[in-house]
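Here is how the chains run, residue by residue.
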Amino acid sequence: MIQQNTAIKLGEIRTHFLSELEKQYLEVEMLRDRLDQVADHSETCHAIGRICHKIAGTAATLGFPDLGDIAAKIDDFVASNCVTHPEALSEMRDHADHLLVLISLIFQEE
Amino acid sequence: MKILAVDDDVIILELLTEVLRAAGFPNLVVCTSAAAALEEVERTDTPFDCFLLDIQMPEMDGIELTARLRRMHEYRNTAILMITAMSDRTYIDRAFAAGASDYITKPFDVLEIHSRLRLIQSLLAEHVRLDERNPTAQQNAPASLVTSADLEKRLALQDIDGFIDYLALENYLMQVSRVSLFGMIAFGIVVPDMARSFRASSVFEFEAAVSDFAEAISESLKPTSFFASHAGEGAFICVLTNAQTFNPKMLEEQLCKTVRDMDLHFCDGRPISLTPVAGEGISLHLKSSRAISKVLVRALQSAEERARDPGAQHHTPSGKIMRLFGLG
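Chain order of the listed sequences is A and B.
The first sequence begins at 89 in my numbering and counts up by one.
The second sequence begins at 943 in my numbering and counts up by one.
It is possible that some hints are incorrect.
To be verified - Derived DEER-like restraints, expressed as beta-carbon distance ranges: (1) D124/A x K1236/B: 27 to 33 Å; (2) L177/A x E984/B: 44 to 50 Å; (3) G1125/B x H134/A: 26 to 32 Å; (4) G1125/B x V189/A: 46 to 52 Å; (5) R985/B x E197/A: 42 to 48 Å; (6) D1030/B x H173/A: 17 to 23 Å.
Stated by the list, open to error - Listing some non-contacts, in silico: residues in chain A with all C-beta distances to chain B over 10 Å: (7) L98; (8) F105; (9) E108; (10) E110; (11) L114; (12) V126; (13) H134; (14) A135; (15) D154; (16) I158; (17) A160; (18) D185; (19) L188; (20) F195.
These are calculated hints, taken from the structure and not from any lab test.
Backbone N, C-alpha and C fix where the C-beta goes; we use that ideal spot for every residue, glycine too.
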C-alpha cells in the first residue's frame, strides 16, 4: 500500500508533469503547423521526436499509458529515420494530430 | 546504499527520488547531465554504490558516461543500471559493451526498479560479508597461493574487448530477449585442467592466465560481434550477437594458434601448455531468466564434454558446472 506522503509526493510530480505537458502541447502544436509550411521537415520531425521521447519516459508511470504509447510510437518513428522519406510526412502529421487530440482529452479530464 | 541518478528530464529524477525513498533507498544524489555527474563523482568523499543512468542526454550520453566511470578504479565493479526509453538492440549492445550491469526500459515499472535495487543491495551485502569473513580472499595478496574460492571466482575482465561481467551477460540476454534473439548463438570454452595446473600457483599467476586465455578468445573471435564472460576456473561463455552459424572446430584451431603465438609461461619459466576447447553452438530462443541460465549451463557442458571426449554427446551437467553456475 502506498503511504500517504508518497501519494502526496506522486500527486505533486503528476501536477508538475501536467504543467510541462501544457508547454509541450504548445510546442508540438507549433511544430505541427510547421510541417505544413516548411519544405525540409526533417528537423521539425526530430524536434517533435525529442518532446515525445520525454513524454514517453514518464507518462505511463504517472498514470497516462495511452499518452505514453503514442509518444513512444512517434519517438520510434522518428528514431527509425523514416522521416527522411517524403511519404513519411503525412504519417508524421497524423501522429502529431493524434498526440495533440490525446493531450487535449487529458486536459479536459483533469 | 548510495545511488547517483543521471537524467536530463527533471520529472524522471523527481519520480526516481520518490520511488526510491518509498522503497527504502533515501541516499540518492541526482544530476541532470553527464558532466555534472562526473563532477559529483570527483567531489564525493564516500563512493557511490550504484548508478542509474539515462542513455539519451545532450552532449555526453549515458553510454559514454558508463565508459568513463568504468575507467575509474573505484567504479570498475559498481552496478550501473541504464534506465532508458531506448529499447533498440544497438543501444542495448553499446550500453553493455561500455560496461552497463543492467538495463531497464522506460516507462519503468516501480516494482521492477525495487527488485533490481534489492538484488544489488544483497550482492553488496554479500561482498561485505565475504570481506569480513575472509579479508585475504577479496584483497588477495597477489603472491598468495590460490584457494578453491579463487579458482571458482568469476573474473570481470572488463578491459578485454567483448568481455563483460557474468551477471551483466545474463542481464544482457534477458534484455535482448524482449526485442529479438535472432542471430544469437551461445557456446562455452573450457581450458581443461586449469584448476589442477594452477593449484600450486599464486593468485596473480592464475588470474593472469585467465586473462591471457580471455585475450586469446577475444582475438580469435574478432571481427565477429560478441560478448563473453569468465565463468570460473578455466571456463568461458561466449555469445555471438549476429551470427547464423558457428563452427567450434574452426574457432578451436584459431584459438590454439593464438594461444601458441602468445607463448604463455608460469612465473617460474615453465610453459603453460593448455589447449582451450570449444563446445557446440546453441541458438538462443529463450525468454525467462531460468531458460537463459539453462542454455549457458548447456553451452559450457558441451565444451566440457568435448574436452573429455571429442565424440561425446549430451550428458547430465557435471557437478562442477552446476556448482560454477550456482545450480548445484
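Provide an ascending list of the numbers of those earlier hints which the structure does not satisfy. The structure conflicts with hints 1, 4, 7, 8, 9 and 17, although it agrees with all the remaining ones.
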